[in-house]
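Trainee: Each chain, written out:
Protein chains: 2
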Amino acid sequence: MEAVRLQKILQETCLLVPDRPIVVGVSGGADSLCLLDSLHRLDYPLWVAHFDHGLRPESAEDARAVARIAQEMRLKFVMGSGDVRAMAAQAGLSLEEAARKARYHFLFEQARACQAQAVAVAHTANDQVETVLMHLLRGAGLNGLRGMSTRAILPEWDAQIPLVRPLLEIWREETEAWCAVHQLTPLRDPTNWDTTFFRNRLRHELIPYLQSYNPNVKEVIWRMTQVLGGDWEVLAGEVERAWQRCWLRDGPHWSVLHLTQVQDLPDGLQRAVLRRAVDRLRPGLRDIDFGLVERAVNWLREPASGHWLELAAGLQVWAEEGRLYITENHQLPQEWPQIGPKEVLLTVPGEVRLEQGWTLRAERRARRGNPERGQLVAAGGGRVLLELSVELNPQALVLPLIVRALRPGERLTPLGMGGHHMKLSDFFVNCKLPQRARAGWPLVISGTEIAWVTGLRLGEKFKVNATDLEVICLELVQG
Amino acid sequence: MEAVRLQKILQETCLLVPDRPIVVGVSGGADSLCLLDSLHRLDYPLWVAHFDHGLRPESAEDARAVARIAQEMRLKFVMGSGDVRAMAAQAGLSLEEAARKARYHFLFEQARACQAQAVAVAHTANDQVETVLMHLLRGAGLNGLRGMSTRAILPEWDAQIPLVRPLLEIWREETEAWCAVHQLTPLRDPTNWDTTFFRNRLRHELIPYLQSYNPNVKEVIWRMTQVLGGDWEVLAGEVERAWQRCWLRDGPHWSVLHLTQVQDLPDGLQRAVLRRAVDRLRPGLRDIDFGLVERAVNWLREPASGHWLELAAGLQVWAEEGRLYITENHQLPQEWPQIGPKEVLLTVPGEVRLEQGWTLRAERRARRGNPERGQLVAAGGGRVLLELSVELNPQALVLPLIVRALRPGERLTPLGMGGHHMKLSDFFVNCKLPQRARAGWPLVISGTEIAWVTGLRLGEKFKVNATDLEVICLELVQG
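Line by line, the protein sequences give chains A and B. Residues in the first sequence are numbered consecutively from 1, following my numbering. Residues in the second sequence are numbered consecutively from 480, following my numbering.
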């Protein structure tokens, strides 16, 4: 390992500056001692951080050994510990996963405490190859196959402080050689707690076995991670642009996307955009996301409006009026004016509270003119134009008015259609009113006739004449 | 295997139409019998094509068996054969590679002969997984890891007729089940010639071994190919756009790219653009292209103008005046006017043949006015503005003129610089004349002074006065 090469990585890829602290995770093995020693020789201000996972009897002794090394280098030493076995049992995690979580939690806590510029860990090219093989065996896309990054912000741990891995281009043999040259004595296999059965077997069996197919298999896979990392970056840029085009709104239990924009994307970007929406509702949902996203991509070719597509993990997809909803527990945004199954009387003056924060008001007043139109209700992206205020002919009305939802087969004689009447259900379709808003849509009834399909259309008979001086005004108010 | 699913793949992914022939490659194994039988049941017009690789004693018997099957189905049967062993030895290929080449050559020959809409082969999901693992072990990027395509134009075989692989989503077990249900008797392991040591070992040893890590490893890898295929498509679109921005011109031994456009690309696209340029000069250069492209990407960060970067396989990179050249055998485009080491006399009237198709002409004529400027010479993308015709003062000239290249330390008094003189080498730098064009750049000499740096600048002393009626006109003509 050449110091010049490392220096270049530290400056140009890890973006480390000489004058702000770095928290270095040091297990005491050859990799982390090499990292610590080389950073120290380059005069970076370091905090040596060791986490005692308490998984092996000699772990406390290891911690003392690392403390001694820090002391010899005159560096600040911090130690953390936790009952990883209990944590694993409690959170239903593998020992390895629990150990990882506890360790990173500790490292980033220290980093925040000392306002560090970065947390540095000693993953090597070998670790990179092992990680990628693990991803491959467990199922991965480009993001998994590109392996770990030399510098990354991981929001799971901290939104600002990056995790840097300066040794990702360095092979384990090189860190061991470094230790030998600089007379550092690595602890005997201190990271073995980390190599659970799967990773250990992979390291000691699978890779040597693969070398019987190609002696350079490690180098070949490492190179692959480099190339795929570049490809991934390009793709991530495209995904971001696609997301910006498709995304409309997030709610607590749903995201709304622009349906045709999503459909127009190539499959790869459709998957990525859907995965991003799924990630928001189910962060870290890795193992089942292929089938889940695939189902949604297939369904998107001909989405059935008004029908749920059940995905998995309590997630669904819903299409409606040019919008695509990714939901959990069938929760859709519902912001339309709605009314329950009961009839309600509306006096003049008077008002009726509707659902979703809407109110219907009636008053008698002088005629002013045309209804107040033109406001687009943004309910989950719906695009129905509502008349928020209308004037009705008092002579035509039977008071008090009744407000209720539609009845089966109910008909309407809409204003401006030459007295023709039509089924209210057809009228709703013509208005592009989402199906789920129809059953509870409030109607203002005069006697037995529909005087106003709230917000949508007057009945022909109730229109105001040019000679009327006084009108009954109905108003739909939100909020 | 459901017929409906296959029908969908045939129509929607393979884009097959019912009324144009399809050449089906049939070895006689379960996979190809299943493909043949299912296509036949769907009434596609088929040609059964069998290639006898002559690698096993029973291969002629296999061919007869396939012919019988075709006859029973009342389908046209065509057979090819070749001495694959000799071809492999002659072309320095592996047996597997030689067999593949011979077979596809035959299949596409038949396809052209019968104006087929496609060549269909019976690769299954198992083949896909094996192929991807093989690529992984030998080193691959996204293009290798995505595996084979269900439909692809392979210019190596034909520029129009696609190769389709309708069974890529079907597992080998399914094709065997199909054969059992439809009472087809596959030949015993007829493709074994194809499973050379590497692939055979991979199928019978590696995959079962990997299943001990994850029993679903085959499915997991197959899914990966699906996802990566989508990612690759997105990336390919980006690469095409990047290429359009960067590419300037191709020559027989070089491609010219726009240097800063290439530098401005993210690493992933830089690699892809360079790989595309490399591919053109060295098609199929797979194994060494990672290091090769990587070296070029690193060099691009600070390209040394006027110095070759040696890649490999006889390829080089060269940067010059905002242009990036990918060359073989150091061959750069040279289209500038150039002259050899000897002096040449230029009489008036008269002409001198220069190199690269240029001619220098002199004549005496009436004064017309300003020199003819404004033509940008596209030589390999160079951007020097040439004066193609100038007028000189006959009184100032010593005839005959001499045309030659520069001498060490030679100086010039350029027109319009108030009589100051400067080194010709500095003048060339100011003109942004590529270094390699300088040593052979033709100068027109009057006595011992530079009268015209051809195409670039008159000497101050030789300018025409407003009172001159007659001038000596020098003209630079290309082609």
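Hint data in this document are derived by calculation from the structure and do not stem from the laboratory. Certain hints may be false.
One-sided excerpt, in silico: chain A residues whose CB lies under 10 Å from chain B [to be verified]:
(1) L75
(2) V78
(3) E238
(4) E294
(5) N393
We put the beta carbon where it would ideally sit given N, CA and C, even for glycine.
Trainee: Using 10 Å as the Cβ threshold, decide whether V78 (chain A) counts as touching chain B.
Mentor: With Cβ-Cβ at 36 Å, over 10 Å, it is violated.
Trainee: Would the stated hint for E238 (chain A) survive a check requiring a Cβ distance to chain B of less than 10 Å?
Mentor: With a closest approach of 6 Å, the E238 (chain A) hint holds.
Trainee: For the hint on L75 (chain A), does the least C-beta distance to chain B fall short of 10 Å?
Mentor: violated (34 Å)
Trainee: Given N393 (chain A) as an interface hint, is the shortest Cβ-Cβ distance to chain B below 10 Å?
Mentor: This hint is violated: N393 (chain A) lies away from chain B, its Cβ roughly 58 Å from the closest one there, beyond 10 Å.
Trainee: Holds or violated: is the Cβ of E294 (chain A) closer than 10 Å to a Cβ in chain B?
Mentor: With a closest approach of 8 Å, the E294 (chain A) hint holds.
The structure is inconsistent with the numbered hints 1, 2, 5, although it conforms to all the rest.
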